[in-house]
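For the record, the sequence lines run as chains D and W.
Okay, so the first sequence: first residue is 1 according to our numbering, each after it adds one.
Okay, so the second sequence: first residue is 1 according to our numbering, each after it adds one.
Be a bit skeptical, because a hint or two may be false.
Each computed DSS-like pair below joins lysine-lysine, with the alpha-carbon atoms no more than 30 Å apart [claimed, not checked]:
#, chain 1, residue 1, chain 2, residue 2
1, W, K49, D, K144
2, D, K551, D, K541
3, D, K144, W, K73
4, D, K424, W, K4
5, W, K4, D, K151
6, D, K250, W, K73
7, D, K462, D, K424
Distance windows between CB atoms, simulated [to be verified]:
#, chain 1, residue 1, chain 2, residue 2, range
8, D, A333, W, P68, 24 to 30 Å
9, W, T17, D, R552, 51 to 57 Å
10, W, I24, D, W109, 29 to 35 Å
11, W, R81, D, R152, 28 to 34 Å
12, D, E565, W, I24, 57 to 63 Å
13, W, I8, D, Q11, 22 to 28 Å
Just so you know, these hints were derived from the structure itself, not from any lab.
Here the structure is a predicted model, which is why all the values come from computation and not from measurement.
The beta carbon of each residue, even a glycine, is placed where N, CA and C say it ideally should be.
The residues making up each chain are set out below.
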Amino acid sequence: MSLDNFLNLEQEYDIVVIGGGTAGPMAAIKAKERNPNLRILLLDKANVKRSGAISMGMDGLNNAVIPGHATPEQYTREITIANDGIVNQATVYAYAKHSFTTIEQLDRWGVKFEKDGTGDYAVKKVHHMGSYVLPMPEGHDIKKVLYRQLKRAKIAITNRIVSTRLLTDASGAVCGVLGFDCRSADFHIIKAKAVILCCGAAGRLGLPASGYLMGTYENPTNAGDGYAMAYHAGAELANLECFQINPLIKDYNGPACAYVTGPLGGYTANNKGNRFIECDYWSGQMMWEFYQELQGGNGPVFLKLDHLAEETIQTIEHILHSNERPSRGQFHANRNTDYRHKMVEMHISEIGFCSGHSASGVWVNERAETSVPGLYSAGDMAAVPHNYMLGAFTYGWFAGHSAADYVAGKEFSALDKEQIAREKQRVYAPLLREHGLPPAQVEYKLRRFVNDYLQPPKVTRKMELALERFDQIEEDIAQLKAANPHELMRAMEVAVIRDCAEMAARASLFRQESRWGLYHHRVDFPERDDANWFYHCHLKKDQSGRMVSHKREVEPYLIPLDDHERNAYDKLRLKAANG
Amino acid sequence: MSQKAHDIFFRSNAPVTVDEDKCIAHKGCTVCVEVCPMDLLAINPLTQKAYMQFDECWYCMPCETDCPTGAVKVEIPYLLR
Ligand SMILES: Cc1cc2nc3c(=O)[nH]c(=O)nc-3n(C[C@H](O)[C@H](O)[C@H](O)COP(=O)(O)OP(=O)(O)OC[C@H]3O[C@@H](n4cnc5c(N)ncnc54)[C@H](O)[C@@H]3O)c2cc1C
Ligand code: SF4
Ligand code: SF4
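Model the full structure from these sequences, guided by the hints.
Here you go:
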């Protein structure tokens, strides 16, 4: 067998959207709305009908900015504080101002949100300061709703294509997409005037404590492909050292759901059944307190519901066992955990990159433009802090509009044959190799190293060792053997995870201070150092192919912070639990 | 080279199972195969029934929820059970 055995399939579209989870469908629909003459392709590694983080629906909006309940200014202030000040407020503010328009659009399309007796949205308070949580107890149909809109807008959809690299032209602008079919192994070469990356989080970076490769918090299809593609195309990535780490149900590794249960009276407790944090909103500080409790002899940490009334528990069961992660009821039943009598054991998640939950992503501005011409990004992989699902939809919307405007009157660039040949060689090597290492084992070892050396608290010497280990894994990747196209997909993901692991180590080494609570706690630099590090840290591939970092000024605030608010998230530990 | 590593296959118990009496893949159904985000399910060409081909399940459930005949059952993978 040789490279020629794999068919080249060539196509061209004005805009290619990679990733049809949450942000991607919105981007495709809004680009088409902006200019109905455009030819748009939505590409997914899975099947758009059920792909991505919201595959089975969602329990609620975590960051709804709804008139009468919250203002865009208040939300921007809250996220600025929750993210320790390192925020391009223009991006957060742009989201906040558009948040309600996005909700109204989804509502018109048929997504169901909780409303009170008067028909007003039933917003709940979970954050430290404002109220932004809008439950969706009947939120399981969200993918169906999106799919209907994609069909109505006549968006071309191609499923089961694993995109691996972006093509760039002589000026450095993005001009195409390469990928392969994970069933037939055909090679896809797609010319494009603009590309929108919506590939979700880097969810397979750390190894879950269970040791099960696919037992991740994130949908494991999201291996970090978008981060790697953007990096290799020359894009800048922002604040990657601000890892994603979440408080989850132990072993099951899904959200324990303080956002659902909190407004109904549930809370996070230590092994004495006592509250130790006053606010369950996920932030670096909250995770720091969670970690202290786990390590300090007061762990494990639990989700406490056993004090609630029967009726309330039934409501909680109805939501948590039918939506978002519907297998959790079965998980609890296997372990005889009945919310009525037992607290739910929690643990800390593996590390990842995700701007949906923290702030680590491909740099974008308030128009969803990356630093590479013709390349846009939205959703978990695009660096707009704490953006969650509604932020993914909203930035998908922005990306669709921006890309549609950019391609107007633009010609296709010629594709570089050499780039294509090089990538084809790289992709198919594991299938052509007669003998070699199994992708699952290499992935296991790589992700175990990620845990051993990169999991916070971060230690300089360990992270330096990590870089040596990741170099060795690079050599192992050159020895991977894939027995079929499916395993080839896993092999290509190992390369993606390795790239992200190196980015995680280098970004963490660069910022010589501690910030964002547990997300970037450096033992060798334990204090926050605003004088030297009140900056964004950006990472990119330089001209000679090296991974380099630099500081970038934090943009002047649009919405100033009051002195008394500034440290609100530093005071999450309850006084009673301090002793 | 005189020494060559051969493959040893690691045995696993499929957490996702299909009731073959209920499965109508022989009539052209491929719903569960289509919706699985991890692409783990396939139709066995001999029996014309769906089955789990790869053990990389995220226990997310679209396969079970969307099967028109209720033939699919998702168990939590053993390592997490
Ligand atoms: C378990 C869980 C619970 C959550 N709960 C909430 C909640 O209650 N409220 C809330 O607001 N937010 C919640 N979130 C966050 C929210 O779901 C995400 O922020 C949002 O859905 C991200 O959208 P996205 O488009 O970036 O990624 P996704 O929706 O995950 O889409 C990424 C897509 O990219 C595709 N893809 C990946 N790599 C490639 C490739 N190489 N080639 C082609 N396609 C590719 C994937 O198949 C997938 O379809 C939750 C997330 C998780 C995981
Ligand atoms: S969805 Fe159900 S009926 Fe259809 S192929 Fe799968 S198991 Fe069979
Ligand atoms: S539970 Fe999810 S990952 Fe597992 S087989 Fe079904 S659809 Fe695929």
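Here is what the structure says about each hint:
1. In summary, the hint linking K49(W) to K144(D) is supported, as the alpha carbons are separated by about 26 Å, within the 30 Å threshold.
2. Using a Cα cut-off of 30 Å, the hinted pair K551(D) and K541(D) holds, with the two alpha carbons roughly 15 Å apart.
3. For the proposed pair K144(D) and K73(W), the alpha carbon gap of about 22 Å is at most 30 Å, so the pair holds.
4. Note on K424(D) and K4(W): the hinted pairing holds, with a Cα-Cα distance of about 27 Å set against a maximum of 30 Å.
5. Pair hint K4(W) plus K151(D) does not hold up; C-alpha atoms about 52 Å apart against a cutoff of 30 Å.
6. Taking the CA atoms of K250(D) and K73(W), the gap is about 23 Å. The hint holds against a cut of 30 Å.
7. Between K462(D) and K424(D) the CA atoms are separated by roughly 35 Å; this puts the pair beyond 30 Å, and the hint is violated.
8. About 26 Å separates the C-beta atoms of A333(D) and P68(W), a value consistent with the hinted range of 24 to 30 Å.
9. For the hinted restraint 51 to 57 Å between T17(W) and R552(D), the CB-CB distance of approximately 52 Å keeps it satisfied.
10. Taking the beta carbon of each, I24(W) and W109(D) are about 31 Å apart, inside 29 to 35 Å as hinted.
11. Between R81(W) and R152(D) the C-beta distance comes to about 42 Å, which lies outside the given range of 28 to 34 Å.
12. Evaluation of the 57 to 63 Å hint for E565(D) and I24(W) yields a pass: the beta carbon distance comes to about 60 Å.
13. Between I8(W) and Q11(D) the C-beta distance comes to about 41 Å, which lies outside the given range of 22 to 28 Å.
Checked against the numbered hints above, the structure violates hints 5, 7, 11 and 13; every other hint is satisfied.
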